[in-house]
Amino acid sequence: MNKIVFSYALASVLVSVAFATDKVCQKPEIVASSYVTEDATVLTNVAFTMQFVLKCSDGVKGISLYAEVEGKLLPAARLSADNKYQISWTEDIKKARSGDYYIKLYDGDKYNAVRKAIRNGEDRDSVNPLAVVVLNNPGVYLGPWVNSEFLAAFLASFNIKYGDTTNTEDVRLRTGRRETNLSSDDDMLDINHHTSHHSDNMLSDCVRIDDASSHISVDSDDIPGIGQYDDFHTIDWQRDIARDRMRHRYIVKKKHDSIWGLIKGAHDAWSGWLCVLLVGLFTGVAAGVIDIGASWMTDLKFGICPQAFWLNKEQCCWSYNETTFDGGNCSQWWTWPEVFNQSKYGAGPYTISYLFYTAWALLFAALSASLVRMFAPYACGSGIPEIKTILSGFIIRGYLGKWTLIIKSVGLILSVSAGLSLGKEGPMVHIACCIGNIFSYLFPKYGRNEAKKREILSAAAAAGVSVAFGAPIGGVLFSLEEVSYYFPLKTLWRSFFCALIAAFVLRSINPFGNEHSVLFYVEYNKPWIFFELIPFVILGIIGVIVTAVIGYPNPYTRMSTSQLIYLLFSQCGVSNADMLCDYNRNFTAVKSAIEIAAAGPGVYKAIWLLVLALILKLIMTIFTFGMKVPCGLFIPSLCLGAIIGRIVGIGMEQLAYNYPHIWMFSEECSMGVDCITPGLYAMVGAAAVLGGVTRMTVSLVVIMFELTGGVRYIVPLMAAAMASKWVGDALGKQGIYDAHIGLNGYPFLDSKDEFQHTTLAADVMQPKRNEALHVLTQDSMTVEDVENLLKETEHNGFPVIVSKESQYLVGFVLRRDLNLAIANAKRMIEDISRQSLVIFTNGNNVQSHSPPPLKLKKILDMAPITITDQTPMETVVDMFRKLGLRQTLVTHNGRLLGVITKKDVLRHVKQLDNEDPNSVLFN
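Sequential numbering of the sequence shown, starting at 1, is according to this note's numbering.
Incorrect hints may appear among the rest.
Once the Cα atoms are required to be at most 20 Å apart in a straight line, the calculated SDA-like pairs of lysine to any residue come out as [what the hints assert, rightly or not]:
hint, residue 1, residue 2
1, Lys110, Val69
2, Lys104, Arg78
3, Lys402, Leu278
4, Lys733, Gln911
5, Lys858, Val783
6, Lys857, Arg243
7, Lys27, Gly59
8, Lys104, Cys56
9, Lys857, Thr782
10, Lys826, Pro852
11, Lys255, Trp270
12, Lys826, Glu787
13, Lys110, Gly62
14, Lys104, Val53
15, Lys804, Pro767
16, Lys84, Val69
17, Lys61, Lys110
18, Lys72, Lys110
19, Lys84, Lys826
20, Lys72, Val134
21, Lys452, Ile251
22, Lys733, Thr697
23, Lys903, Leu749
24, Lys452, Leu480
25, Lys452, Phe232
26, Lys72, Ala96
27, Lys903, Asp753
28, Lys903, Asn914
29, Lys768, Asp869
30, Lys490, Val252
31, Lys733, Asp913
32, Lys490, Ala269
33, Lys628, Met374
34, Lys857, Leu789
35, Lys72, Lys104
36, Lys768, Thr866
37, Lys791, Asn819
Across the chosen pairs, the derived CB separations fall in these ranges [claimed, not checked]:
hint, residue 1, residue 2, range
38, Trp663, Gln911, 49 to 59 Å
39, Arg115, Gln26, 16 to 26 Å
40, Ala772, Asp878, 24 to 34 Å
None of these hints come from the bench; they were simulated from the model. All residues carry an ideal CB built from backbone N, CA and C; glycine is no exception.
Using the sequences and the accompanying hints, generate a full structural model.
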C-alpha cells in the first residue's frame, strides 16, 4: 500500500485529567509510547494510531477503555497486561485537517453514560471523561508522486495535570522500528502497510510545553512485506494478477469520487506508457555510448588520432573536402609504428603493430573479466537464458540490478574491443532489461508486482534487440517468440513503442556513421533466381551442422567481427580492393553494370583465408561463450554463416561463369551479366547459422531484412531459416539458450514443447500414496508446532486442512508469509507465546485461561488451484504453462492427497525424456 508523507513539526499533547468518583483507577496517568500515521488505503485515507500506557496510583490493571474522536466512539485495544492500549482511526485524505484533535478517554461506566446520553438526545459533554488527549496536527502532505515509500512520524510531548497540582513533563520519542496497527490480531499481517514507530528511548525533562518542539530522527528498518518472493523462487502469477485487478478496480471506483481520484486514475493508466518511454530513451542512449566506446577502443589497438585522441579511425580520417572514407590512405591517423617514427611496412613495424595489438587486447580482456569477477558476477555471458527464465516467472535477485547494468555496459565495451569472438547484441538485451527493472520501481504498479513488472521487461527486451541490430520490428518479434512467457496484447503495443523510441534515439546518436540505422546495409538490389532456393536450403542445413560442432596473421580474424560480416555481405564494385573482389573485370564507368568474370588469384587466396578464419572463429566462439565476460552469440553466429555463405556464393558464381549454357543459368542469366550475388549467399548463410543456434524463425527473418535493408530477399531468408529449424530439431530440439537454462537448473517450462506421455497426477504428486504429508490444521496447532514444521521441512508452502483425520482441504499458505506473520506477532504482541493456537478461521474456540490465539486467516489462500489424482499429466502441464502455477494441490473426493510443484513437473518431464531429473535445481 502506498503511504503519504506527513511533515509534523509539532504534535503537542495536553492531557487534562479530572478527578472522578470512579474508584477503579485512582489518579490516572498517561504515558505515550508511540504515534503512527500511515496511509492504509492507497492514497485515500489517513490512518492515525496512538499507543499509550495507563498508570493508576492504586495499581489497578486490565480496565476497559473507550475513546471519542471527532464524534466517533472507538474501543481502545489493550495490547498487554500492563495497561498498554492503542487507539486508531482513519480520516479521508481530503478531510484530514490540520489543528487539534481532541481524544476523550472513558472507562466502562463513563462510556455507558455517554451512550445513554446519545440515545436520550442529551448533551454528551455532561459526562466527564477520564482523560482528554489533544493532538496538534500542522497538516498533511498532498504533493506529487515522488516515491511510494515515505516515513511518517509524530513528535509528541505530554503535559499531565492532576487536580489542583500542575506537573509539566516533556516526553520525546525516538522512533526506531516499524509496527502495524494492532487493533486486531489479524491486522498484524498487513505488513505491506506498515509505517509505525515504536519508542526505543524516552527522555523526560522538566521544561515548558511550549518549548518542546524538536524534530525526531526516524531510523526504520524495512520489513519485507507479504507478497514478495525469496531469491531463486518462482512467482505466483495468479496471485499477482489478482492483486493488480483488485488495485485497478479500486482506482476505477475512486475515479468518480473526486478530481483527485480522477488524476490518480489517469496517472495509473499512462504510467505503463511513461515507463516504457523512459526505458526506450535510456536504452537508446546506452546502446549509442557502447557502440561509440567499442569502436574507439577497437581502433586503439591499431593506432591513434594525434590531433584528437578521442576520435576513432573513421572520425579522424574524415575531412571537410572528403566524400568517401579510405582507411588505408589517411594521413591524420597514425598507426603505432608511425607513432614511433617507423614506416608502415616492414618486419620492425609489423612487430610493433603485433605487440600493441596483443597488449591492448589482453588488457581489455583482463579488465573485463576482473570487473565482472569483483563487482558483478551476474554481468557475465549473454544474459538471454537468464532473461528468458526471469520472464517465465523466476526470481534472481541482483541479476537486473544497477551494478549489473554498469559492469555489463563497461565490460561489454572492453570485451568487444579485445577482439574476442563475441557480439554485443545478446548483452544489449540484458542491459535493456536492467534499465527496465530499475525504472519499474518508479511506478509501484510495476515495481511491487512481479507479474506486472515482466510486462516492462518484455518491452525492454524488444528495445534491446532494436538497438542491437537497428531492427525495432524484429525486436518486438524476438521478445514475443524467443524470450517472453506472458505476452498480452497491451504488452505487444508497449514493446513496439519502446523499441521505436530506442531505435529513434540510437539513430539520432548515429553510431554507425551513415545515413542508415542498421549495421550491415546492402547496396545491391538484384533479383534472386528461383533455382537458387536449392543452395539456400543447403546453406540452412550446413549452418546447423556447423553449429553442432561450435589469429593475427589472418586479416579476416584480425578485423572485428562486424567489419568482416559487412565485407562478406557487400558486392564487389569499382571501389572494392579486397582480395575477395580480385576478379578479372574491366570497368568502363563507375556505375556500369557488373559483369560476370573469372576469379583472380586474390579470390582463391581469400577463400583459403576464410576457411582458416571459419575454423578459428568456430573454436574461439565455443570457448568465448563460456568465458566470464559479457558476451553474445548473435554476431559470431552471423559471422560463421556469412563465411560459409560467401564461399558457396563464389562457387555458384564461378559455376555460372564457366558453364553459362546449363539450363538453370541459360534461362535466367543474360550473357556476360553477373546474375549471382555472393553477398546474398553470405546473408542467407548468416541467417541459417543463427537460426540453427537459437531456433528462431519469424523474428530471425525480420531481423535479417531489417539488419541489411534487403526486403527483396525475404523468401531466401525464410527458406534457410525453415531448413535450419527442421534439421536442428532433428538433431536436438534445444537451442543454445534453452540448453543453458537446463545447464543452470532453472525451472523453465517451455510453452513450445509438447507433453505426449500418458501419466496421471497421482504418479507425480508428493508425497506418494500412504506417505505422510506435511500440513497445517485450521485451528489445532500451536505456534510451537508450526515453528517445528518450518524447521523440519523446506517446502515453499503448506496446505491447510480441517483436521488430520478428515483431510478436508481449507486452503494454502506460503512459507514466507507464515514466517513473517509469526515473527511480527512475537515482536508486537507481548501475550503471544509458543503455546498460542494458530487459527486460520474466523472462529475463536480458545479456552479463557489459554494464551491469546494467533489469527492468520489473512495470509491463507482459500481458493488454491486443485486437481484430482486422476487428472492426466498432459492437462497438468498445460495448467502450469498457461496459468503460471507454482504448485497445485491433488485431492480425491475433497480430501487432500498431495502437492505437485513446478519442480516435480519438470523432473517428471525430464525423466520421461531419458534425461537427468536431478538437473532441475530450483522450484
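Going through the hints against the structure:
The suggested pairing of Lys110 with Val69 holds, with an alpha-carbon distance near 15 Å, which does not exceed 20 Å. Annotation: proposed proximity of Lys104 to Arg78 holds, straight-line Cα distance about 16 Å (limit 20 Å). The suggested pairing of Lys402 with Leu278 holds, with an alpha-carbon distance near 16 Å, which does not exceed 20 Å. Simply put, Lys733 and Gln911 have alpha-carbon atoms about 16 Å apart, close enough for the 20 Å limit, and the pair holds.
Simply put, Lys858 and Val783 have alpha-carbon atoms about 16 Å apart, close enough for the 20 Å limit, and the pair holds. At roughly 17 Å between alpha-carbon atoms, Lys857 and Arg243 fall within 20 Å of each other, so this suggested pair holds. Annotation: proposed proximity of Lys27 to Gly59 holds, straight-line Cα distance about 10 Å (limit 20 Å). With a CA separation close to 17 Å, the supplied pair Lys104 and Cys56 stays within the 20 Å bound.
Of the supplied pair hints, the one linking Lys857 and Thr782 holds, its CA atoms being roughly 15 Å apart against a limit of 20 Å. Proposed proximity of Lys826 and Pro852 is supported: the alpha carbons are some 12 Å apart, at most 20 Å. As the CA atoms of Lys255 and Trp270 are separated by approximately 14 Å, the hinted pair is consistent with the 20 Å bound. A distance of roughly 12 Å separates the Cα atoms of Lys826 and Glu787; the hinted pair therefore holds under the 20 Å criterion.
For a cut-off of 20 Å, the pair hint linking Lys110 to Gly62 stands: about 16 Å separates their Cα positions. For the hint pairing Lys104 with Val53, the CA-to-CA distance comes to about 15 Å; that is within 20 Å, so the pair holds. Simply put, Lys804 and Pro767 have alpha-carbon atoms about 15 Å apart, close enough for the 20 Å limit, and the pair holds. Taking the CA atoms of Lys84 and Val69, the gap is about 19 Å. The hint holds against a cut of 20 Å.
Simply put, Lys61 and Lys110 have alpha-carbon atoms about 17 Å apart, close enough for the 20 Å limit, and the pair holds. Between Lys72 and Lys110, the direct Cα distance comes to roughly 15 Å. Compliance with the 20 Å bound is thereby established for this hinted pair. Between Lys84 and Lys826, the direct Cα distance comes to roughly 16 Å. Compliance with the 20 Å bound is thereby established for this hinted pair. With a C-alpha separation of about 15 Å, the suggested pairing of Lys72 with Val134 holds against the 20 Å cut-off.
With a C-alpha separation of about 16 Å, the suggested pair Lys452 and Ile251 falls inside the 20 Å cut-off, and the hint holds. Taken as a hint, the Lys733 and Thr697 pair is honoured in the structure, with Cα atoms around 14 Å apart against an allowance of 20 Å. Of the supplied pair hints, the one linking Lys903 and Leu749 holds, its CA atoms being roughly 10 Å apart against a limit of 20 Å. For a cut-off of 20 Å, the pair hint linking Lys452 to Leu480 stands: about 16 Å separates their Cα positions.
The suggested pairing of Lys452 with Phe232 holds, with an alpha-carbon distance near 18 Å, which does not exceed 20 Å. At roughly 15 Å between alpha-carbon atoms, Lys72 and Ala96 fall within 20 Å of each other, so this suggested pair holds. As the CA atoms of Lys903 and Asp753 are separated by approximately 16 Å, the hinted pair is consistent with the 20 Å bound. Under the criterion of a C-alpha separation no larger than 20 Å, the hint pairing Lys903 with Asn914 is consistent with the structure, at around 16 Å.
Taking the CA atoms of Lys768 and Asp869, the gap is near 11 Å; set against the 20 Å cutoff, the hint holds. Among the hinted pairs, Lys490 with Val252 is consistent with the structure: their alpha-carbon atoms are about 18 Å apart, no more than 20 Å. With a C-alpha separation of about 12 Å, the suggested pair Lys733 and Asp913 falls inside the 20 Å cut-off, and the hint holds. At most 20 Å may separate the alpha-carbon atoms for a hinted pair to count; Lys490 and Ala269 meet this at roughly 12 Å.
Pair hint Lys628 plus Met374 holds up; C-alpha atoms about 11 Å apart against a cutoff of 20 Å. Only pairs whose Cα atoms come within 20 Å are accepted, and Lys857 paired with Leu789 is accepted, the gap being roughly 18 Å. A threshold of 20 Å between alpha carbons decides the hint, and for Lys72 with Lys104 the separation of about 10 Å falls inside it, so the pair holds. Of the pairs offered as hints, the one joining Lys768 and Thr866 holds, with about 17 Å between alpha carbons and a cut-off of 20 Å not exceeded.
Restraint check for Lys791 and Asn819: the C-alpha separation of about 11 Å stays at or below 20 Å, so the hint holds. Range check, Trp663 to Gln911: Cβ separation about 55 Å, and the 49 to 59 Å hint holds. At about 24 Å, the beta-carbon gap between Arg115 and Gln26 stays in the expected band of 16 to 26 Å. For Ala772 and Asp878, the Cβ-Cβ distance of about 30 Å falls inside the hinted range of 24 to 34 Å, so the restraint holds.
In this structure, every one of the numbered hints holds.
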